[in-house]
Amino acid sequence: MKVYLDYAATTPLDPRVLEAMKPYFIKKFGNTMSLYSLGQEAKKALEDSRETVAEFMNAKPEEIVFTGSATESDNLALKGIAFANKEKGKHIITSAIEHHAVLDTAKWLEKQGFEITYLPVDRYGFIDPEQLENSIRKDTILVSIMHANNEIGTIEPIEGIGKICREKGVYFHTDAVQSFGKIPIDVEKTNIDLLSISAHKFYGPKGVGALYVRKGVKIEPLLHGGGHEFGLRSSTVNVPGIVGLAEAVRLRKKEMKPEAKKLTKLRDYLIKKVLKIENSYLNGHPIKRLPNITNFWFAFIEGEALVVQLDSYGIAASTGSACSSKSLEPSHVLMAIGLKHEEAHGSLRLSLGKYTTEAEIGYTIKVLPKAVETLRKLSPFKGKWH
Amino acid sequence: MKVPSLYSKEIMKHFKHPKNVGSIKNPDGIGRVGNIQCGDIMELYIKIKKDKKGKEKISDAKFQTFGCVVALAVSSMLTEIVKNKTLEEAIKITNRDVLKKSGPIPPVKIHCSVLVADALHEAVYNYYSKNRREIPLELQKEHERIQDTLKLVEETHGEFTKFEKKVLGE
Chain A
2 MKVYLDYAAT TPLDPRVLEA MKPYFIKKFG NTMSLYSLGQ EAKKALEDSR ETVAEFMNAK
62 PEEIVFTGSA TESDNLALKG IAFANKEKGK HIITSAIEHH AVLDTAKWLE KQGFEITYLP
122 VDRYGFIDPE QLENSIRKDT ILVSIMHANN EIGTIEPIEG IGKICREKGV YFHTDAVQSF
182 GKIPIDVEKT NIDLLSISAH KFYGPKGVGA LYVRKGVKIE PLLHGGGHEF GLRSSTVNVP
242 GIVGLAEAVR LRKKEMKPEA KKLTKLRDYL IKKVLKIENS YLNGHPIKRL PNITNFWFAF
302 IEGEALVVQL DSYGIAASTG SACSSKSLEP SHVLMAIGLK HEEAHGSLRL SLGKYTTEAE
362 IGYTIKVLPK AVETLRKLSP FKGKWH
Chain B
17 MKVPSLYSKE IMKHFKHPKN VGSIKNPDGI GRVGNIQCGD IMELYIKIKK DKKGKEKISD
77 AKFQTFGCVV ALAVSSMLTE IVKNKTLEEA IKITNRDVLK KSGPIPPVKI HCSVLVADAL
137 HEAVYNYYSK NRREIPLELQ KEHERIQDTL KLVEETHGEF TKFEKKVLGE
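Chains as they are written, first to last, in our numbering: chain A, 2 to 387; chain B, 17 to 186.
Don't take every hint at face value.
[Claimed, not checked] Straight-line distance between alpha carbons at most 20 Å, and here's what the computed SDA-like set of lysine to any residue pairs gives: (1) A:Lys383 to B:Lys78; (2) A:Lys3 to B:Met17; (3) A:Lys378 to B:Met28; (4) B:Lys18 to A:Lys383; (5) A:Lys378 to B:Lys41; (6) A:Lys371 to B:Lys63; (7) A:Lys383 to B:Lys25; (8) A:Lys378 to B:His33; (9) A:Lys255 to A:Pro13; (10) A:Lys378 to B:Val37; (11) A:Lys341 to B:Met28; (12) A:Lys378 to B:Lys78; (13) B:Lys41 to A:Pro62; (14) A:Lys385 to B:Ile64; (15) A:Lys258 to A:Thr53; (16) B:Lys35 to A:Ser38; (17) A:Lys378 to B:Gln80; (18) A:Lys385 to B:Ile52; (19) B:Lys35 to A:Phe382; (20) B:Lys32 to A:Tyr314; (21) B:Lys25 to A:Tyr314; (22) B:Lys29 to A:Glu374; (23) B:Lys78 to A:Arg377; (24) A:Lys378 to B:Ile46; (25) A:Lys341 to B:Met17; (26) B:Lys167 to A:Glu330; (27) B:Lys29 to A:His387; (28) B:Lys146 to B:His159; (29) A:Lys341 to B:Val169; (30) B:Lys32 to A:Asp312; (31) B:Lys32 to A:Glu374; (32) A:Lys3 to B:Ser21; (33) A:Lys385 to B:Glu171; (34) B:Lys63 to A:Pro381; (35) A:Lys383 to B:Gln80; (36) A:Lys371 to B:Ile46; (37) A:Lys45 to A:Pro62; (38) B:Lys78 to A:Pro381; (39) B:Lys25 to A:Asp312; (40) B:Lys29 to A:Asp312.
In short, the hints are calculated from the structure, not lab data.
Sequences are here, hints too, so could you generate the full structure?
Okay, structure coming up:
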């Protein structure tokens, strides 16, 4: 049996999205900047897409900037705000568990003379809004806190954060890459100023993302050139990709709610069964997590070996183990929620998606204990660390 | 299209069907190397017997490893390499001998092959020292190098946790 349980890494393209994209490769291939009808046809597709995406998050069309990826969106948000507002201040607040697209950009900004506060999180991965409020200074220009964590699925209290930032007059960016299309988001209600998304996380194509930028926000572009995307992202517009992103969003509008209901049920069943394995633990909060992300750690074994073992059973999963990373560093998220190195080494993320079935979950909980047991037989640690 | 494998055929073979897993009761030598924080710990158990000519040879070897696919696979390979080797030969086995058997390993995983060779040298060192035998100079040097590396790893590790600690607000 083949079971894909790595939807948090990427998702397959929805066939309906592919159908929507198809005309824009060969027949309607025009450049959105061209004056003749072929160009205007492309321009219309771009603007219709912008409207669809804006509506989904309760934004205005002119507040949506299409980009090439969520990484680019995060870079544009952080660097763009930093450079446009450095006269006001050079202090940025983020969290210890952000995606590398935010964290590494923040580290780079540190080298450029900006000061970054990395807020710690509790054992579930929540930041403390009160601590955030106390960290805001006169020279703070931006707060960047993710909507939901990509590894452990914890949903941050962004409504409270948005309120605090608005009251203090500080821009609020949220990386919504994992949550967008999985749980509702409203930029008005939540007082969000900037929000990053990526199409391939919700059954759209790879290589296209977007950044919501609230009207009036002072921001500099990363790319200069033809002045596309309101001057914020020069580059010939990726019309088929953007049409695909918008079609994926349109489908999410109908399918998000019933899917979340189904996945929450499957998720909770999976968690219950996996925790029956001896010396296994859940990472993240039992309930306040995305409907589709589960994360565990298994004592006495290493996650990369577990992932390869599961692969031989046909199950695709991922790990935060150092041994799976090129840098040999364990997941910063798992370290931030207080796991020891050896515990983070034994982590496994199983993320569900719209094609996940009960039968697949049933197969997984049958096979996983075997895979864990096989590796524990090889381990020098028998029932305890010594 | 054939799906490429993450690791070499030999690595996958030993990962899926590891040889000589477990511990030996009353072993003649034990080599325990690695660092739990870095994610690899290997324990090598050896049994030593004299052959007809009175030469001491490794008659049995077993391993227990906490680590990734490559660490597990090369541990298994090592136990096959060392069997029936004299102690003089065992001391001379290096990670290159392991790499010859394993085929190409990604650069970040080369340390796994070093680790298992270290485990072997430590097991032989353990045998010599607990029997109060004279330790060959090169083995003594190797033992000191392994212990120094372990210290160095712990220190470097400390360096890298500095940023982490800052992030964690400690």
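Here's how the hints hold up against the structure:
| no. | hint | result |
| --- | --- | --- |
| 1 | A:Lys383 to B:Lys78 | holds (16 Å) |
| 2 | A:Lys3 to B:Met17 | holds (18 Å) |
| 3 | A:Lys378 to B:Met28 | holds (17 Å) |
| 4 | B:Lys18 to A:Lys383 | violated (38 Å) |
| 5 | A:Lys378 to B:Lys41 | holds (17 Å) |
| 6 | A:Lys371 to B:Lys63 | violated (31 Å) |
| 7 | A:Lys383 to B:Lys25 | violated (29 Å) |
| 8 | A:Lys378 to B:His33 | holds (12 Å) |
| 9 | A:Lys255 to A:Pro13 | holds (18 Å) |
| 10 | A:Lys378 to B:Val37 | holds (8 Å) |
| 11 | A:Lys341 to B:Met28 | violated (29 Å) |
| 12 | A:Lys378 to B:Lys78 | holds (13 Å) |
| 13 | B:Lys41 to A:Pro62 | violated (72 Å) |
| 14 | A:Lys385 to B:Ile64 | violated (29 Å) |
| 15 | A:Lys258 to A:Thr53 | holds (18 Å) |
| 16 | B:Lys35 to A:Ser38 | violated (69 Å) |
| 17 | A:Lys378 to B:Gln80 | holds (8 Å) |
| 18 | A:Lys385 to B:Ile52 | holds (13 Å) |
| 19 | B:Lys35 to A:Phe382 | holds (18 Å) |
| 20 | B:Lys32 to A:Tyr314 | holds (11 Å) |
| 21 | B:Lys25 to A:Tyr314 | holds (17 Å) |
| 22 | B:Lys29 to A:Glu374 | holds (19 Å) |
| 23 | B:Lys78 to A:Arg377 | holds (15 Å) |
| 24 | A:Lys378 to B:Ile46 | holds (19 Å) |
| 25 | A:Lys341 to B:Met17 | violated (41 Å) |
| 26 | B:Lys167 to A:Glu330 | holds (18 Å) |
| 27 | B:Lys29 to A:His387 | violated (29 Å) |
| 28 | B:Lys146 to B:His159 | holds (14 Å) |
| 29 | A:Lys341 to B:Val169 | holds (17 Å) |
| 30 | B:Lys32 to A:Asp312 | holds (11 Å) |
| 31 | B:Lys32 to A:Glu374 | holds (13 Å) |
| 32 | A:Lys3 to B:Ser21 | holds (17 Å) |
| 33 | A:Lys385 to B:Glu171 | violated (26 Å) |
| 34 | B:Lys63 to A:Pro381 | holds (18 Å) |
| 35 | A:Lys383 to B:Gln80 | holds (10 Å) |
| 36 | A:Lys371 to B:Ile46 | violated (29 Å) |
| 37 | A:Lys45 to A:Pro62 | holds (13 Å) |
| 38 | B:Lys78 to A:Pro381 | holds (11 Å) |
| 39 | B:Lys25 to A:Asp312 | holds (15 Å) |
| 40 | B:Lys29 to A:Asp312 | holds (14 Å) |
Hint compliance for this structure: hints 4, 6, 7, 11, 13, 14, 16, 25, 27, 33, 36 are broken, all remaining hints hold.
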